[in-house]
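Work the whole structure out from these sequences, hints included.
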Amino acid sequence: QLVESGGGLVQPGGSLRLSCAASGFTVNTDYMSWVRQAPGKGLEWVSVIYTGGSTYYADSVKGRFTISRDNSKNTLYLQMNSLRAEDTAVYYCARADFDSSGYYYFDHWGQGTLVTVSS
Amino acid sequence: QSVLTQPPSLSGAPGQRVTISCTGSSSNIGAGYDVHWYQQLPGTAPKVLIYDNNNRPSGVPDRFSGSKSGTSASLAITGLQAEDEAEYYCQSYDNSLSGVVFGGGTKLTVL
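Which chain is which? The protein sequence lines are A and B, in order.
Each step along the first sequence adds one to the number in this note's numbering, with nothing skipped, and position 88 is 78.
Throughout, this note's numbering is defined as the position within the second sequence, counted from one, plus 41.
Incorrect hints may appear among the rest.
[Said to hold, decoys possible] The calculated lysine-lysine pairs, modelled on DSS-like cross-linking and capped at a C-alpha distance of 25 angstroms, are:
| id | chain 1 | residue 1 | chain 2 | residue 2 |
| --- | --- | --- | --- | --- |
| 1 | B | K88 | B | K109 |
| 2 | B | K88 | B | K148 |
| 3 | A | K31 | B | K88 |
| 4 | B | K148 | A | K63 |
| 5 | A | K63 | A | K31 |
| 6 | B | K109 | B | K148 |
Since the hints were made in silico from the structure, they are not lab data.
Quick look at the structure:
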C-alpha cells in the first residue's frame, strides 16, 4: 500500500514536500516513481529513483524537483521548489516493476495528493 | 501534445468489441520498448491492465488483451460491460526523452 501526503495550496514560487509511506514492500528494493495528473488532463511521469539511488526527472521539473527516500521510514519524498501554476495536479506515488524491455511500468499506485499552485 | 497518440474518445454498446490504439515513433514503441496499459475509473488512481505488451496481471479479466506491432500498440476489450467505462492510458519508454511516456488517454463510453 502507498499513502501520499503533503499536498495543498501554495503560491507560485513556493515549495512543498510530498511524502509517500509504503507498506508491504520496501522503497529501497524497488524502483519508485512520481506521476502527476493535472485537472482534467492525462498522466505525466515526473521522476523515478532506482534501487541504487540514481534519479531521473521529466524535463518539465528538472532542476526544481528532487526525489528521495528514507529507508528507515520506508517513505518516498518529492521536494518541489519554484512551483508554477502548471505544476497544479494530483501527484501519485507509484511502485515500478521491471518490464521485459529493460525499463518499467507501474504496478502499485497511491491514492494521490492534490497540489494547487495559485496566488 | 503527448508523445504517444491515442484517440480521445471511443464508445461501444454492451457486448461489443472495441480497440484502443496507441501510436508512437522510432524512439519509443518502434525502438522495441514494451507498452503497458492502465485503466482509470472516475476519481480513482490508475490500475495496470496490461503489462509487457500482452500480459494481464492476476485479477484482470481475459476480455482485455494487448498487442504491439511496429510503432503502434492496441488494447482490445471484448464483451464490453458497463463497468469498463473509464479512461485508458498506454505507457512506454522514450530514449530521446530518457523517460517514461504516456498516451493522452482515451475515454471509453459504454452506450
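In rising order, the numbers of the hints this structure does not comply with: Hints 4 and 5 not satisfied by this model.
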